[in-house]
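Undergrad: Given chain A, work out where chain B should sit, using these hints.
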Amino acid sequence: MSETATLKPRARQILIVDDDQDFAQMFKDFLVSYRPGAWIVHTADHYAPALTAIKTHSIDLVILDLKMPIMDGLQLLPLLKRTHPELQVIVLTSAALPENRAFCLQNGAALFFDKSEVATGFDRIYAALEAVASAPAEGFRGMLRQVGLTEVLQLECLGRKSSILEISAAGAVGRIYIHDGSILHAEVEEKAGEAALFQLLGYKGGEFQLKPYTKPPRQTIDGHWESLMMEAARVNDEASAGPLDAHGNVIAPPEPEPVAAAERTIQEIILCSTSGELLYEWQAQRIEKRIQFMDEMQNAAHRIGEALDWIRGDRLEIQFAQERMVLLFQSDRKLLVRSVSGGSK
Amino acid sequence: MTNPVDQWLQQAARTRGILACGVRLSDQSLRVRVCREDISKARVEEAMKRIAATVGTMQTAQGTAELLRWVFESGDIVCALRPGGAMAVLLVNRDLAAADKIKALMQTFAETTL
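Those sequence lines, one after another, are chains A and B. Counting in the working numbering, the first sequence runs from 1 upward without gaps. Counting in the working numbering, the second sequence runs from 346 upward without gaps.
Next comes chain A alone, as it looks inside the complex (with noise of 0.2 Å):
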């Protein structure tokens, strides 16, 4: 185990585990000379020096090849967020199948790498690693507003993460468990189950931090994650725009004739830095283009408002004739989501 002694204040701990160690010490390299004095680079070139440097280190990153001797990096990964569920871990490797992504990414893997991206796109791959390490040990924080969580929801369940999803609004802290990319389980004040789903969907304002997963105390949630959004905006719908009676309740509307559900099928999400790094795509079509016109759009809500003194404006929907485009702005990162109507393309 090597260590490079580039101290300074606020410098990260990353530590590289892979066999190759030519490309430990090049990817060292790469880190050092990039921003020099950001981080402390440890390397290990198999599990055993790996979990002693995490045992010995306040490691903040940990950068993970899959394929190597004894226990490989398949093996490791469920190992390390069992035992350091708040470590981050970035898989970078030259076994890139999808059903290794989808392993890793299942079992906490904060991103996953192409080790053939190193040499043509290591900006890329730097910005995002940066993002992870920064990003404080319980998970990212972020405020929400009304929708906004919705586009967190849909992000974790489309890749199919697991994780917690604590949300504060209203004087009510409520949480909704994610396993494998499905909702098992909602609770909020004394609702628990769809209810509490929906309720919290419903908040307009609030927090939200992105906890490791635990097992919830019971399942109270089995449908597909997309029809429960949409039976959640439609709940929600019918709450904001509907009369009270005397009790608080909303007085349901007469029976509306049957009509087909507007379903939405999801064909794109891109997920930018402020700078514009990516840091997470899925069917991206002409990536750089579309964080240039995230980049404009941002612009341009901050001209329009500043026009009329309206402060924060972190959400732009744009409808097509077949499609349509969300965008959030949020404090540190943009977000694309790109819909149609059904399953047309």
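Take the hints with a grain of salt, since some may be wrong.
[What the hints assert, rightly or not] Each pair of labels, with its calculated beta carbon distance range:
# : chain 1 : residue 1 : chain 2 : residue 2 : range
1 : B       : 398       : A       : 35        : 33 to 43 Å
2 : B       : 418       : A       : 222       : 44 to 54 Å
3 : B       : 361       : A       : 116       : 55 to 65 Å
4 : A       : 231       : B       : 405       : 54 to 64 Å
5 : B       : 452       : A       : 121       : 27 to 37 Å
6 : B       : 375       : A       : 190       : 19 to 29 Å
Quick caveat, the hints were computed from the structure, so don't treat them as lab data. Positions of the beta carbon are idealized from the N, C-alpha and C atoms, including for glycine.
TA: For chain B alone, kept in the frame of chain A given last:
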């Protein structure tokens, strides 16, 4: 007799939750009505000019949009676009306005003879 654009503005201004409304015609002229004293007509006009510029950028990058909604802390801006460059803009208090009313207003705008 009131012209269709003014009729639409009147209807929009009477709708619950609408803070201001405006129409930009294809010759780039603006007609604006404000419903609250703390929002000036000049500000709404300036915002509409900036929205029009943004729409131009958007069409170039992504194609022809039909409806836009910006969500701000202070309220929403909803914008309906018509072929030829005309657009309607609503400044909305989302806590007061009903989504179906906004949708109906924009549908009316789409069918209004300009």
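Undergrad: All the hints need checking, so say for each whether the structure fits it.
TA: Evaluated hints:
Against the hinted window of 33 to 43 Å, the Cβ-Cβ separation of residue 398 of chain B and residue 35 of chain A comes to about 37 Å, which satisfies the hint. Taking the beta carbon of each, residue 418 of chain B and residue 222 of chain A are about 36 Å apart, not inside 44 to 54 Å as hinted. Remark: the range hint 55 to 65 Å for residue 361 of chain B to residue 116 of chain A is upheld by a beta-carbon distance near 58 Å. The given range of 54 to 64 Å is broken by residue 231 of chain A and residue 405 of chain B, whose C-beta atoms sit roughly 38 Å from each other.
Between residue 452 of chain B and residue 121 of chain A the beta carbon distance is about 46 Å. The supplied range of 27 to 37 Å is therefore violated. Residue 375 of chain B and residue 190 of chain A have their C-beta atoms about 52 Å apart, which leaves the hinted 19 to 29 Å range violated.
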